[in-house]
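Asks: Below, each chain spelled out in residue letters.
2 protein chains.
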Amino acid sequence: MLNLLLSKWIMHDQLVNTIKKYIALSDDDVDVIHELFSERILNKGEHFLSAGELCQHVGFICSGIVYYGVNTDGNETIHNFACENSFVSNYDSLINKTISIKDIVALEETTMLVISAQNLEQLYSRLSEGQRFGRLLMEEVYTSAIKQILSFYNNDPETRYMEFLRQHPDLVQRIPQYYIAAYVGIKPQSLSRIRKRMTTM
Amino acid sequence: MLNLLLSKWIMHDQLVNTIKKYIALSDDDVDVIHELFSERILNKGEHFLSAGELCQHVGFICSGIVYYGVNTDGNETIHNFACENSFVSNYDSLINKTISIKDIVALEETTMLVISAQNLEQLYSRLSEGQRFGRLLMEEVYTSAIKQILSFYNNDPETRYMEFLRQHPDLVQRIPQYYIAAYVGIKPQSLSRIRKRMTTM
Numbered sequence: 001m002l003n004l005l006l007s008k009w010i011m012h013d014q015l016v017n018t019i020k021k022y023i024a025l026s027d028d029d030v031d032v033i034h035e036l037f038s039e040r041i042l043n044k045g046e047h048f049l050s051a052g053e054l055c056q057h058v059g060f061i062c063s064g065i066v067y068y069g070v071n072t073d074g075n076e077t078i079h080n081f082a083c084e085n086s087f088v089s090n091y092d093s094l095i096n097k098t099i100s101i102k103d104i105v106a107l108e109e110t111t112m113l114v115i116s117a118q119n120l121e122q123l124y125s126r127l128s129e130g131q132r133f134g135r136l137l138m139e140e141v142y143t144s145a146i147k148q149i150l151s152f153y154n155n156d157p158e159t160r161y162m163e164f165l166r167q168h169p170d171l172v173q174r175i176p177q178y179y180i181a182a183y184v185g186i187k188p189q190s191l192s193r194i195r196k197r198m199t200t201m
Numbered sequence: 001m002l003n004l005l006l007s008k009w010i011m012h013d014q015l016v017n018t019i020k021k022y023i024a025l026s027d028d029d030v031d032v033i034h035e036l037f038s039e040r041i042l043n044k045g046e047h048f049l050s051a052g053e054l055c056q057h058v059g060f061i062c063s064g065i066v067y068y069g070v071n072t073d074g075n076e077t078i079h080n081f082a083c084e085n086s087f088v089s090n091y092d093s094l095i096n097k098t099i100s101i102k103d104i105v106a107l108e109e110t111t112m113l114v115i116s117a118q119n120l121e122q123l124y125s126r127l128s129e130g131q132r133f134g135r136l137l138m139e140e141v142y143t144s145a146i147k148q149i150l151s152f153y154n155n156d157p158e159t160r161y162m163e164f165l166r167q168h169p170d171l172v173q174r175i176p177q178y179y180i181a182a183y184v185g186i187k188p189q190s191l192s193r194i195r196k197r198m199t200t201m
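If you're matching them up, the sequences are chains E and B in order. Going by our numbering, the first sequence opens with residue 1, and the numbers climb by one from there. Going by our numbering, the second sequence opens with residue 1, and the numbers climb by one from there.
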């Protein structure tokens with residue numbers, strides 16, 4: 001029980017520290033955050049969001065990794081990964097209330113603090129600088145989405161792999177090769193060749 | 001002189017009415033908007049932003065049309081158009097202070113109200129619901145950018161043309177064929193063929 005409380009406290013502390021990178025938080029603000037987010041654990045392979053559903057939550061990852069994938073005619077392409085201290089959501093589906101074409105899936109056991117779309121509106125209006133937090137978060141979501149999509153279409157596999165290593169040096173050991181290859185847009189064997197070439201360079 | 005004042009008044013009124021679609025505005029808020037935006041007229045062909053520059057402004061179009069273009073090795077591709085009552089900017093360059101790869105160019109004489117990046121921050125903090133306006137604007141910018149990029153890469157020319165007609169039924173008469181073809185991603189002759197096919201359907 002004490003362990004559970006301790007781990008809840010650590011999770012909320014992680015979230016509060018992350019939000020503090022955007023805005024200042026008063027003690028009352030911290031209470032609002034505690035009230036509006038709730039804990040969720042995803043098992044390995046469990047979906048945070050499934051294609052065909054309406055996205056109704058934003059999650060904050062306390063530990064673990066998720067991937068964003070799109071399944072086209074049985075072929076799964078991975079668009080992105082997210083790990084500790086990141087917010088995850090399909091914001092397009094969340095904002096415009098459109099059906100998600102993306103899956104968001106846990107790659108390992110993932111502990112999260114989750115907020116519903118309705119509570120997110122409350123967060124924005126009840127935190128002293130809540131709307132500013134929303135604006136800064138959306139600016140970040142916007143610019144990283146643009147980068148990610150352009151890289152998906154414009155970069156060759158080797159460049160995408162180099163970019164992945166640069167952005168997530170810590171994740172390369174934690175994500176199975178199969179998923180990294182699906183992100184880079186090639187078969188696992190071709191990724192091995194790229195890695196071999198890079199080590200002999 | 002009276003005409004000039006009248007036209008300034010109409011322009012600001014247009015802007016205020018557009019911002020009111022996002023948030024409520026008090027009389028004080030309206031004064032802040034008047035203070036922070038200034039008039040600018042672009043001649044046909046004049047650049048609001050040139051590739052290679054840092055984007056330091058957001059414009060609000062009162063009359064006229066601009067296009068967003070990217071010039072690669074002398075080949076110009078058109079990514080988007082914007083007309084009356086729209087905000088225009090390269091938000092990625094504006095937010096992250098990175099060099100723009102896009103041009104934003106007037107397709108006809110275009111009157112605008114323009115705000116600098118610095119004044120935009122003031123607008124967000126001084127309007128009673130300024131941060132909320134920023135958040136809602138960024139949500140819109142985000143979702144429309146995603147749609148636009150995905151359409152650019154995933155849709156064939158005919159679908160892109162149909163989508164253009166659906167989104168901008170009023171612009172098809174105002175934009176020269178050459179630019180519509182560059183937006184759709186084909187030669188003007190191929191666009192003529194698509195149009196002919198559509199009229200005989």
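Bear in mind the hints are in silico, worked out from the structure with no lab data behind them. Every residue gets a Cβ at the ideal spot worked out from N, C-alpha and C, and that includes glycine. Fair warning: there could be bad hints in the mix.
[To be verified] Derived DEER-like restraints, expressed as beta-carbon distance ranges:
| hint | chain 1 | residue 1 | chain 2 | residue 2 | range |
| --- | --- | --- | --- | --- | --- |
| 1 | E | 27 | B | 163 | 32 to 38 Å |
| 2 | E | 197 | B | 176 | 45 to 51 Å |
| 3 | E | 50 | B | 150 | 15 to 21 Å |
| 4 | B | 166 | E | 109 | 40 to 46 Å |
| 5 | B | 45 | E | 18 | 44 to 50 Å |
| 6 | E | 158 | B | 96 | 22 to 28 Å |
| 7 | B | 126 | E | 50 | 40 to 46 Å |
| 8 | B | 45 | E | 151 | 45 to 51 Å |
| 9 | B | 146 | E | 194 | 25 to 31 Å |
| 10 | E | 21 | B | 163 | 37 to 43 Å |
| 11 | B | 108 | E | 86 | 39 to 45 Å |
[As the list claims (entries may be wrong)] With a cut-off of at most 30 Å between alpha-carbon atoms, the simulated DSSO-like pairs for lysine-lysine come out as follows:
| hint | chain 1 | residue 1 | chain 2 | residue 2 |
| --- | --- | --- | --- | --- |
| 12 | E | 147 | E | 20 |
| 13 | E | 44 | E | 97 |
| 14 | B | 97 | B | 44 |
| 15 | B | 147 | B | 187 |
| 16 | E | 97 | B | 21 |
| 17 | E | 8 | E | 44 |
| 18 | E | 97 | E | 21 |
| 19 | E | 21 | B | 187 |
| 20 | E | 97 | B | 8 |
| 21 | E | 147 | B | 97 |
| 22 | E | 44 | E | 147 |
| 23 | B | 8 | B | 44 |
| 24 | E | 102 | B | 147 |
| 25 | E | 187 | E | 44 |
| 26 | B | 147 | E | 187 |
| 27 | E | 44 | E | 102 |
| 28 | E | 102 | E | 21 |
| 29 | E | 102 | B | 102 |
| 30 | E | 102 | E | 187 |
| 31 | B | 187 | B | 44 |
| 32 | B | 97 | E | 20 |
| 33 | E | 147 | B | 187 |
| 34 | B | 147 | B | 102 |
| 35 | B | 147 | E | 147 |
| 36 | E | 97 | E | 147 |
| 37 | E | 147 | B | 102 |
| 38 | E | 20 | E | 97 |
| 39 | E | 97 | B | 196 |
Asks: Hints numbered earlier in the text: which of these fail when held up against the supplied structure?
Replies: 1, 8, 19, 20, 39
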